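> The lines below spell out each chain.
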Amino acid sequence: MQRKSTTLTLGLIVIVGLLTVCPVVMLIVGSFSQGLGSFGTFTLEKYIQSYTDPAFAEIILNTVIFTLGSAIVATLLALFLAYLNTRTNIPFKFLFGVISIIPMMIPHILFAVSWLLLLNPSNGLINLFLKDVFNLTHSPFNIYTLPGMILVEGLLDLPIAYLILAPALAAFDVSMEESSKVCGASNLRTLARVTLPILRPAILASITLVIVRSLASFAVPSVIGMPGRIYVLSTHIYRIIATGFATDYGMAAAVGMSALAASTILIYLYRYLTAEGDRYVTISSRGYRPTVIDLKKAKYPFFVVVAILSFILIVLPVLVLLYTSLVPYSMVPSARAFSMMSLRHWTEVLGDPISILSVKNSMFLGIFGATLGVILSIFVCYAIVKVRTAASGLLESLSFLSFSFPGIVIGVGFMWLFVRTPLYATIWALLIGYIATYLPYGIRPLTSAFVQIHAHLEESSRVCGGGTLYTLRRIVIPLLIPGIVSAWILMATMFVRELTLSVVLSRPGTEVLAVQVLRFAEDGLWGKLSALGIIMIFISTTLVILASLTGAKLTKVKTVGGEETQKKLQEPSVK
Amino acid sequence: MDIHITKLNKTYFSEGRRIEALFDVNLAIPANEIFTLLGPSGCGKTTLLRSIVGLEMPDEGEIQIGDEIVFSTRKGIFVPPEKRGLSMVFQSYAIWPHMNVFDNVAYPLQTQKKPKEEIRDRVKNTLEFVQLGGFENRPATKLSGGQQQRVALARALVAQPKVILFDEPLSNLDAKLREETRKELREFLTTLRITAVYVTHDRIEALSLSDTVAVMKEGRIVEIGTPKQIYFDSDRRFVADFIGRANLVEGSAAKVEADRTIVNTALGDIVCSKKKDVSPGDAVVVCVRPEFIEVMEKTGGEGPNIFNGHIDSLIFVGDAYEGEIRVGDTVLIVRVEPTLDVHQGDEVALRFDPDHCSILLK
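Heads up: the sequence lines are chains A and B, in that order.
Sequential numbering of the first sequence, starting at 1, is according to my numbering.
Sequential numbering of the second sequence, starting at 1, is according to my numbering.
Just so you know, not all the hints are guaranteed correct.
[To be verified] Here are the computed distance ranges between Cβ atoms for each label pair:
1) B:PHE316 - A:PHE302: 52 to 60 Å
2) B:GLU118 - A:ALA552: 25 to 33 Å
3) B:GLU118 - A:ILE477: 21 to 29 Å
4) B:ASP174 - A:ILE293: 26 to 34 Å
5) B:GLU324 - A:ARG200: 46 to 54 Å
6) B:ASP269 - A:ALA390: 58 to 66 Å
7) A:VAL305 - B:ASP174: 41 to 49 Å
8) B:ASN137 - A:ILE477: 19 to 27 Å
Note that these hints are calculated values from the structure, not bench results.
All values derive from a computational prediction rather than experimental measurement.
Glycine residues also receive a C-beta, built at the ideal position from the N, C-alpha and C atoms.
So that you can see chain A by itself, here it is in the shape it has in the complex:
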């Protein structure tokens, strides 16, 4: 039995290793090669060419400002929200849960587009409105700037920052603050000397992770940055491979190496910080309730701020897209605008063969890809959590490896790989790339599901007379279902909205939704874009709902036997 489990772990190491290490190796090889078609002789030419480019310094500077700015915006907002939720008596706390989960379901490119539709200088809705009201000659806002990019990216990464900071604040032992006050420190001194230093690892972890995310971000830099000629690393790579006369995958690989290196270092920093954070948490005592600060009259103003934020994050993007998909061109909502509404953009999109193809492709990738990804994740998690051989650690690191790779860079690596295989320009190339890149999204929830199934739960079933298969059917699988469902939902939504990997790997015939949205954005076809965007959100939401319902039904079926006997059990007593 021992040998069989070792074979399983080794087999998985080979599969996951091929998925995650191969593109990186190909990226490195590619960066020292002469061309995509044939490697040629070893050359440093691509590095020299890309890093001596006079425009490169500006790109690096833009990247630093963009990523750091987004990290600060997201972390400050998240800190504010997390504090309000965990430490005050603000009403309607359920909103915080909504803020931290729902925005993940809105594709980043659509969120970026909706802000562009509101704040672009020529016909942004808010700009048009303000010009009308105040008789301005110039638009007051211009989204095509670094601050504009930072605002949108910061809002997009707010949920991630919140998910790091909220648990840290919730685990914060208030007695540490109280003892500081007892020692004679003022509120301000307590904040500076106790509260912030204790939260520092979490704050730094949040900043680091948002930097990694915004470094990998392609939606905001492409939709908002490129029209304003503000290039960051990801769009620079995109420019090298997708625009201009000669695409150069060698140069893209060479540039990608620096993004890869930066990202990997930051992820190590993040791991270090969260490990340190855990150490702080273990110091705190167990079983306490944090004292809640009474906001008194400030309660409702604060709540209004939170409500506006949730509106901006969730409702506004959808509303703007819906509105834009119905009006013929950008105009401020008015009686005239409503009278001119039509389904023209919708019929155009539904009649556009490429758009329809992209819907089909994305749905196939979402449903089939997520299913395959979850199956692989189940085996990997089983090997990591339950088999636990010496090789399990290696498997675990391999499966989380792709977490630190920017999508577009890994896309370039896959390109160097796939161009040598019959998979090139097929939907399978996208499928493999997606699973490799988003494997952590499947593994995270399943790991916790497996951890939850304590060995005693299975052993107890064996002792009670349940054989291996009986135990699997009645104990293991029912307990795994919630984990399987959340893993599937995460992967499916990620796949339906996937952009960064797809812009590299998608070829004619394998268009996907996000890439098609990007094409519409590049051509300024906002109406068609919005219609397709709404379809995209609809598909994601439907998949989430269907998966949750299936999960609920499956777990219910397993206990029906008991419930039936329950009913019978009660009947006689009624008679």
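Once you've looked at the hints, dock chain B against the given chain A.
The following block gives chain B in isolation, referenced to the frame of chain A:
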């Protein structure tokens, strides 16, 4: 049903070290008794229990339950746990969180494909027996620790197994609840007259619950006996020390009389109860438990087993004082009645009850 264990061996490799979890264990567990395996953590008691139930496969040996051999390396037999017809209460209770109380308890009967009516009746009766009547529909996760423990017990009892195994079932309860549950468990098991094998590291649990106690150390059975034999008349220094607070004084046997043995120690001569196989000149250890040392205010008394010392420390622990009394270079732990008017630094006299001065082989 009785259990016979012959020459059971099991070795682990953990972090590059070889650990002998079981070493040549021979054991006969009598039927319809509560048999306890007691020992410090890592002594192999849980491995032995898991080997009996079939969750662990020993490297060598034979296990026979009733007439059936369930494990034998020589005969190449390994009956899987689900075919052994035993039941077990786990330390973590192992209550399945996705099922309600009824399904948890009904599970062993459902695996046997019993008719629904029979399952319903037997679950109802068993739940009533453990005083959880009417809890059938409760989700298992919505129970207190004590209630979960009863569900685990009900699940173990419902199929009327030949043998019940307990793996430290009380260690997750708080002190007060543990005491109550211990008494209840004793009642349940005595009423049912069932063979129970109970694993614990808690000596009070072992002494108060068991008919027979086997003390284990480093994979070996060190001593087997009734709780009283183990407590008062142990042979081994390890057992005497592990089972309760004890003063252990080293010395050598000086004189062997008809019903007494006199041991020469640093304190002086101690008159002890008779022990077989001790001849004059043997190096031995005298064990005197604190409750059998009488503390007297006046010093200077003469007679056997009277020693003079002074009080090093005196700590009030509720029902008595716990004192450390220095006699020469030896410090003895004693129990001082709160009515006695003595203070730290006082000179006192101690008298050991010869009937309770037992001789241990080293």
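> Where does the structure disagree with the numbered hints, that is, which hint numbers, in rising order?
Violated hints: none at all, because every hint is consistent with the structure.
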